[in-house]
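Undergrad: Following the hints, complete the assembly by docking chains B, C and D onto the known chain A.
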Amino acid sequence: MSVKNEAVDVSPKLETSIAGIRFQNPVMNASGTFGNSGEYSQVINLKDLGAIVTKGVSMVPWEGNGTPRVAETPSGMMNAIGLQNPGVEAFLDRDLPVLRGFGTKIIVNICGHSIEEYEAVSERLSEIEGIDMLEVNVSCPNVKEGGIAFGTDPGKLSLVTRSIRKRTKKPIILKLSPNVTSIADMARAAESEGADAVSLINTFTAMKIDIRQRKFFLANGTGGLSGPAIHPIAVRMVYEAAHAVKLPIIGMGGIASGADAIEMMMAGASAVAVGMMQFSRPSILIDVKNQIRDFLIDEGIGDIREIIGIL
Amino acid sequence: MSVKNEAVDVSPKLETSIAGIRFQNPVMNASGTFGNSGEYSQVINLKDLGAIVTKGVSMVPWEGNGTPRVAETPSGMMNAIGLQNPGVEAFLDRDLPVLRGFGTKIIVNICGHSIEEYEAVSERLSEIEGIDMLEVNVSCPNVKEGGIAFGTDPGKLSLVTRSIRKRTKKPIILKLSPNVTSIADMARAAESEGADAVSLINTFTAMKIDIRQRKFFLANGTGGLSGPAIHPIAVRMVYEAAHAVKLPIIGMGGIASGADAIEMMMAGASAVAVGMMQFSRPSILIDVKNQIRDFLIDEGIGDIREIIGIL
Amino acid sequence: MFYGQMEIVSSESIRKNIQLMVLAPLESKMEGAVKEAGPGQFAMLHSPDDSRLLPRPISIYDITKEGFLAFIFALKGEGTRRLSELMPGSRLYVTAPLGNGFPLEEAKEKKRITVIGGGLGVPPMYFLSKALINSGSCSAEVPKKNLDIVLGYRSESELILEKEFEGLKSPDSLPDKEENGTQFFLHFASDDGSFGSKGNVLDLIRYKGIESDIIFACGPKPMLRGIQAVAQEKGIPAYLSLEERMACGVGACLGCVVKTRSVNEHSLVKNVRVCKDGPVFLSSEVEL
Amino acid sequence: MFYGQMEIVSSESIRKNIQLMVLAPLESKMEGAVKEAGPGQFAMLHSPDDSRLLPRPISIYDITKEGFLAFIFALKGEGTRRLSELMPGSRLYVTAPLGNGFPLEEAKEKKRITVIGGGLGVPPMYFLSKALINSGSCSAEVPKKNLDIVLGYRSESELILEKEFEGLKSPDSLPDKEENGTQFFLHFASDDGSFGSKGNVLDLIRYKGIESDIIFACGPKPMLRGIQAVAQEKGIPAYLSLEERMACGVGACLGCVVKTRSVNEHSLVKNVRVCKDGPVFLSSEVEL
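Residue numbers (my numbering), protein chains in the order written: chain A, 1 to 311; chain B, 312 to 622; chain C, 623 to 910; chain D, 911 to 1198.
Hints are computed from structural coordinates only; laboratory data are not their basis.
Even glycine gets a Cβ: it sits at the ideal position worked out from N, Cα and C.
Quick look at which bits of chain A chain B covers, simulated, 3 or more residues with Cβ under 8 Å:
no., segment
1, 64-75
2, 169-181
3, 206-212
4, 234-241
5, 262-273
Here are the computed lysine to any residue pairs in the SDA-like style, where the Cα-Cα straight-line distance is at most 25 Å:
no., chain 1, residue 1, chain 2, residue 2
6, A, 156, B, 495
7, D, 986, B, 527
8, B, 480, B, 470
9, A, 13, B, 521
10, A, 246, B, 492
11, D, 1131, B, 521
12, B, 467, A, 244
13, C, 785, C, 810
14, C, 651, A, 48
15, B, 526, A, 294
16, C, 698, C, 713
17, D, 939, B, 597
18, D, 1054, D, 1041
19, D, 926, C, 670
Chain A with its partners taken away, still in its complex shape (with noise of 0.2 Å):
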């Protein structure tokens, strides 16, 4: 074997695949921080991310919630957008081929009000080409009517999956709330009514009380918290669905570099997010990537997949 062979079996691969969607790194954003228009394509390359997950993309356009949206917290933020968006048609018109134009791969987070706009926006995207996945957003603290009353109940879940199942046929991904008291439960409502995958944890619903004014802080009285401060929480959520389905798990919550990405993917995920740090830090998705591969390298690990759900 030649030098320059053993050179190159340094690199490590980082492909992943998920739901026989092959991703060249297991690296994206999650949903909602990111915008839907390469907003950060300034920053960082875009194609070199495993994928683009769109915002919340809904049948007609929501207003969203009254602001203040957004509050700091320890290591964290509470967010109470309330899914504002354009609604699906402009979402085609307008956004879907500029993310088309970063050439990577394309998830897109759709929510509803109801079952029935579930179904309208699954069965919407359903035939659209250079779409690879839908995630399927039943766990968003911060709309009353969908969201998270269809992701703590397993019932409701299993239904809302039936449904969306029979609509579309791109993989679809069920996007899993933390405001449960068994992951387990619900991952196997996901994985029971024909869900491809299943990513977690969306936000946990929140409070902050502005003392001097006695009143919410935010215009939605409560909102989702993420970041730093709940990575340990997600990170054994993502070990009890993993050692509950067999289905792969997009792992996320308060991924700020590297080490915590590898951390999740050890408890179980095929590929990480990276939500609120890319606030904090623009650049994160491409740091979390690169210290990935050194961590590989450092470790003498050739292949990413070695180590998902090693423990």
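TA: Okay, now just chains B, C and D, sitting in the frame of chain A:
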């Protein structure tokens, strides 16, 4: 009215009461972070606390988990002590007399591996003088049996509440786990079986992985996450519990300042406990008490009870 | 928009809880950020404190002769307090420039320009005033113009930048007035009358009979609402710089929206993003 | 035990990832902390970083002539790295002194004392050696004694404090040897033989035939296990300073226990607290 009287009026009343027990102020330590023998008495004057809450006391000595038992996390920590304690007889012989010497209220936290052990401890403590209340730990995520098994199922929580209620004349506080879909349901279960109060939140089940060694960081695998990181979730849960039951609430979860304590009380807590931050700032209990007083003075509030549950 | 490291050249308290911080580019791309930055734009300052993870949006107060970005910000909470404690020589990640900034080109054809700053809205108006005086505000059709700068404060104790604005008059800081063709007048108001006219900026404008063909403003919401009403009444354009709690600063998260009067063509709802569509909006477009 | 503010007098890297930090009392109670501190005790350094909230237990390396506490610690993670970045003049909350420390009185009646430090276990042994040499180690019955100090490192590149230990010989740092009655010998070992004898400290002790009536040691667990075995074999007391992950440092949280061979009279189980019952334990009591 004389000037002197007005000056007296400026000092706000901090007294609060729970289940008929009057506390000189609403600030106490959270169980397990403060020792049982006045470990912090060289730093602060323990007689200035609203109450001292003991570590978990079981019928027989418990060995607890292996080490490492603690880990730092972003703006928080994980622990998996496993309720090591020398048992109720040693507690009564050795610790209680010391604690009583500090001259404030005493809340004894009790734990069990089975309904029978809970019953036995509560019966043993029922007639003991100098114990003001019992806090029932049904939410420790770090013991295999008992603990969280009782704290995440409303039916089991009802059962343990009912059993203890029969064995003791002391007022009982049920300490609730946040690892549930509905904290309101848990609070209702406690209320319906005769609990006098609930305290929340205990820690979140979490996990940290040593990625170099490819093993869990804590000997126990999982541990309980606490600290400012999870404070916003704790506030939300206190708010939900306060709107679900009439029981008084002791609010806890990442309190690091008087402002955090006020937030908890506005959300519905009648008193607050400080846990993890005790390690970070050994003077914190007195700091929080003074900051609460200063806030009330600033805002011209004469009595702490005016702000309880105003949201 | 650039994201990179800058170095703190100086950081000082210019008044109780008000910090002046000057940042120099450390990476060449950040020289690009300085070059592109215009009045009314802002930067995200990324704190090195790992417990306070959201960057702080701070409007650009000035670009110094050395090509450094200068910021003035209030210590409103722990995040800004920690930023203020960083020592000169420390490094900081910065995203800049962000937002649309004030549309200088809209002033080109206007004879009477009014710049209004209130309280902590004063600093960005310094950068704007300098730009209006130095360049970009003249055209063949309007060779001579008036610039009224109206600054309002709560009281003398909360004055900021009054000397710097006075300094705009000094000949070494700007080209010859005649050649430039812009004559400017500086007015001060304070709520309690301890400095300048007693009352708010709108009282002063009414009292002095200042007429405008265009208004640029930054300040507290009640002031902006007053200007919005005046602009509507007189049928003149008023460009207002708004504030909202932000997370990303680049238009990605939709954290910082304000309501619009009609459906916005990008969002398809009645919301615009302060960070990306703003922070400067035509007063007739937004609900305040 | 005292909790209060101290000021960083100096902080420097004495080797890659090894920091020497000297703290001066800012409050008078912290002078009490310095006064009470003995060899083998430690302090909790409370980082001002709000994302890293657990204090770091650091053993006391020395008390300086000025009455300052000196610490040497490794930059093992972000927490210690942040501590190392604090500039002289910064303030820091400290809880000290903590733990039982080495029982100097046990050395009083012993003729042959062996002090063993391995790697990062070397610093506290400096404080101990100084104390043993300067005082407290003599009595009427044992007027003359031998002190063997054995320091082990991985290799020359990881040496620390070898000069300071050599300095213990210099007459200005200790009273006259004859008067004091303790003669001491310094031995170095390194795993790769790049400094001192090749091998570990136990190899050196065996090779040089060093005999002990009592051993004090601090270092990595395999070294301590070796010493435990030797002490058991020879029937001599060995006092070992142990490490565990800690949270409170004062005996409250029970985070840092180690297993004991028999039921402990305080815990009533086979656990003792490193922070409060230790960090120094008789080797015959604990499971390593």
